[in-house]
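Asker: Protein chains in written order, with this note's numbering: chain P, 1 to 509; chain H, 510 to 833.
Bear in mind the hints are in silico, worked out from the structure with no lab data behind them. Hints are not guaranteed to be accurate.
From chain P, some residues computed to sit far from chain H (all C-beta separations above 10 Å) [as the list claims (entries may be wrong)]: (1) D94; (2) E105; (3) A113; (4) E130; (5) P147; (6) S182; (7) R188; (8) L210; (9) E318; (10) E320; (11) F354.
In silico contact screen, one side only, chain P against chain H (beta carbon under 7 Å); selected entries [stated by the list, open to error]: (12) T95; (13) V98; (14) L112; (15) L151; (16) S207.
Here are the simulated distance ranges between beta carbons [stated by the list, open to error]: (17) P/R74 / H/T649: 31 to 39 Å; (18) H/V682 / P/K125: 36 to 44 Å; (19) H/A780 / P/E318: 32 to 40 Å.
For each residue, glycine too, the CB sits at the ideal point set by N, CA and C.
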Amino acid sequence: MVGKAEKGLLEMRGISIAFPGVQALDGVNFRASAGRVHALIGANGAGKSTLMKVLSGAYDHYSGEILLDGAPVRIRSPRDAKDLGIQTVYQEVDTALVPTLSVGENIMMESLAYDMKGKHRVDWKKLHREAAAVLARLRADIPTHKPVRQLSLAEKQMTLIARAVSRKCRFLVLDEPTAPLSRAETERLFGLVRLLKAEGVGIIFISHRLPELFEICDEVTIMRDGRVVAGGPIGGFTEAQIVEHMLGAKLERQFPASARARTLGEVRFEARGGREGGKVKGVDLCIRAGEIGGVAGLVGAGKTELCRALFGASPGAEGELFLDGRKLRIRSPRDAVRAGIALVPEERRREGVFVDDSVASNLTAVSLDPYVTSGWRVSVARMFEAARRWIGRLGIKTPDERAKVRDLSGGNQQKVAIGKWLLADAEVYLFDEPTKGVDVGAKREIYELIAALAARGKCVLYASGELAEIAGLADRAYVMYDGAVVKELDMREADEDQLLLYSAGGGLA
Amino acid sequence: MKTAAGHRLFDWFYKYGTLLTIALLIVIFGLATDHFLSGTNIVTILRSISIVTIIAVGLTVSLAVGGFDLSIGSTASLANAVVLSMFVWYGQSFGVGILVGLLFSLAVGLVNAFLVIKFKMQDMLMTLATMFVFQGVALTYSRGATISQNMILPNGDYATGQIPAAFSALGKVPWIIIVMLVVVLAAHLFLTHTKHGRYMYMIGGNSEAAKLTGIAVSKYRLLAYVISALLAGLGGIVLGARVMSAEVNSGAPYLMDAVAAAFIGYSVFGAGKPNPFGTFAGAVLIGVLSNGLIMLSVPYYAMDIVKGAVLAAALAITYYKRSH
């Protein structure tokens, strides 16, 4: 008999799973109940994604048991989980969608796969009608005949959520759903979460953004190193406490104390009339020696486009660049590197590092010259030696310099991406969301690296949508909104609230 | 193509460009020559594209699962040789001849599927290899000779087998055109209106997502390669019926035309994926172009330049569309 207390309760007991060389989960207990929103939080590598993959049936070699409504259930394949009504929407939406097919077919994909036993003909009218009904239930306005490749990211996510609730959905796992969304899109998503919650769906919400968790979640479970370290109603925690549990040590000040102690020199780097398509509309900016110039703005404000344009990576970009009073002629990234400009791009895995190469070759990728002996041969020994030195200096956690970058954690990959430009010794460093997807501990180390660069008299341009970073790190900030700089703030005086106000397009009446 | 209007214009041309081009070519050739628009010439065009279309529809199915069967030309050659040999060397009946030809094609499809699925090789590379293998098999089977009625056998005798009348009818109007239309229609119904076809498109669009949805990815990839080989074989058989002989590497020239037809077909009606009606339109475009150019006395040896250019344009449009 199902007890009353257990009705609508999902429980994972003593879940352990190991991969070659790693004990990813070690006796984890986790509970979620219907009609509640549960935050699952932890630094990168804490095991929260692994735990959710166990729940969604991605692995079959774990130990421990899973109970639903108080009764043990078997989840060893994605199909098992879905049949029990446990649905997962992963962060990387494109991995789960078929771009060439219509929204309707993508939503009804599982019905097509599971509910057609003995039937062969697809009833297109019914399929689109049902898909439209699901979207209507979610208050989402997407035409079901539209091919998925034409959707925005938020719409793709909506399509996946629609797929999840198109069949039995008792528990919905959302894996970092807000990371790629703009503020308005996030609000819409939260509306949807509340709607599903009211329908009695239990929601498990993974996110790195603390304020969001307090906004939307009822309960929180905090993981560290493959274990659950704390949990309970989210009202019983403060942000600082959660971060403490995540890091395992008392969090000191997140931003380096030295950040603002620097003396600023003359203006070294200047951009005038920067334009790129319709995304960057006439941006002027300058950075002094030793200055960290922030570029604040929400998703879609044009920060990435600005950075790419300054780095010569946008063929259609216009504008003039000056370094130390000299006019630069930059028409390609190659020109930019030669002029002493470095870009650490947002899409780290795609644009910032060579994931299948070793840490050593990544670190030395920009500047092989120092390791060339007798005029033509690249000395692997010298390369490795330099790499070892920098691995220590940057605090990159890697078995050795030969390890592939693919095998490092997100934060350490980012340190490699930054490190390769430190070895190249550029004058102007452009950072585009350098801490995206990086855990709290590694974030701090990255801030320190950047502050140290500025202390050496380099020019740093730091673009981020995490406004606290700009507030904590930058000397001055340019706030972008819809492709233009709408406000320049002296960050010795201004604070995060002002950044947010201007980023959201306010305060300019 | 930076502006929204530019994008809309491109989208419009992407969707209807192929049909527009066909219409334009028909108008131009119709005005420039006397006979182009005559009923007999239109039938001639349809007849001339029927073999390419049958083979290209097979290729379309392999493209639908994200594969690429380059061995279709060789498969057609092999089926052509086998079916003719059944009649001429072994005196078999119409039914047995065609059945054995298709069985050989089935074997080809199974081998392709096994290699591609088992070794997770890039389909194009693996079938490039099997293309040569099966071309060699076809050559070895026919001992490097043309198989035809009353041919001289290696031992000096004349072959006594006769080609059945039904078989020669298969290569003539109306049957050859009917077979083509049935193949196009059946493939369309299969790919668009059965769950099996939809699974194939899901696999082709995102095989990982298809797998996680519980679709038997390997099974459907195998099925796609088998269909591809069977239709290539059918194309080879119809080719045999058309020319009443099996020449050395007779199917090889159909590979490039089939690839061109299938890729031109991607864009028809803005489908953005391989589809049988699109492939048919692609074949019509190539057929109209060849026929019209011949009527305008463009030498046959220059035809490949035109076909290659059309293929390049179709590919450019497909990939440009994908990245925008």
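Asker: Does the no-contact call for P/E105 survive, Cβ to all of chain H over 10 Å?
Answerer: 7 Å, violated
Asker: Under 7 Å is the threshold here; is the Cβ of P/S207 close enough to any Cβ of chain H for the hint to stand?
Answerer: This interface hint is violated because 23 Å lies over the 7 Å limit.
Asker: Measuring Cβ to Cβ, find out whether P/D94 lies farther than 10 Å from everything in chain H.
Answerer: Its Cβ does come within 10 Å of chain H, the nearest being 8 Å, so this is violated.
Asker: For P/E320, is the shortest CB-to-CB distance to chain H above 10 Å, so the non-interface label stands?
Answerer: With a cut-off of 10 Å, P/E320 remains clear of chain H, as the shortest Cβ separation is near 22 Å.
Asker: Just double-check P/R188 for me: nearest Cβ-Cβ distance to chain H has to come out over 10 Å.
Answerer: 24 Å, holds
Asker: Taking C-beta pairs only, is P/A113 more than 10 Å away from all of chain H?
Answerer: 5 Å, violated
Asker: Verify that the Cβ of P/L210 lies farther than 10 Å from every Cβ atom of chain H, and report whether the claim holds or is violated.
Answerer: 31 Å, holds
Asker: Using Cβ atoms and 10 Å as the threshold, tell me whether P/F354 really stays out of contact range of chain H.
Answerer: The assertion about P/F354 holds, with a minimum of 21 Å to chain H.
Asker: A closest beta-carbon separation below 7 Å is what the hint needs, so does P/L151 meet it against chain H?
Answerer: 13 Å, violated
Asker: Mind checking the hinted window 36 to 44 Å against the Cβ distance between H/V682 and P/K125?
Answerer: 38 Å Cβ-Cβ, so the 36 to 44 Å window holds.
Asker: In terms of Cβ atoms, is chain H entirely out of 10 Å range of P/E318?
Answerer: 13 Å, holds
Asker: Hold the hint about P/T95 up to the distance rule: shortest CB distance to chain H must be less than 7 Å.
Answerer: 6 Å, holds
Consistency note: the structure conflicts with the earlier hints numbered 1, 2, 3, 5, 15, 16, 17.
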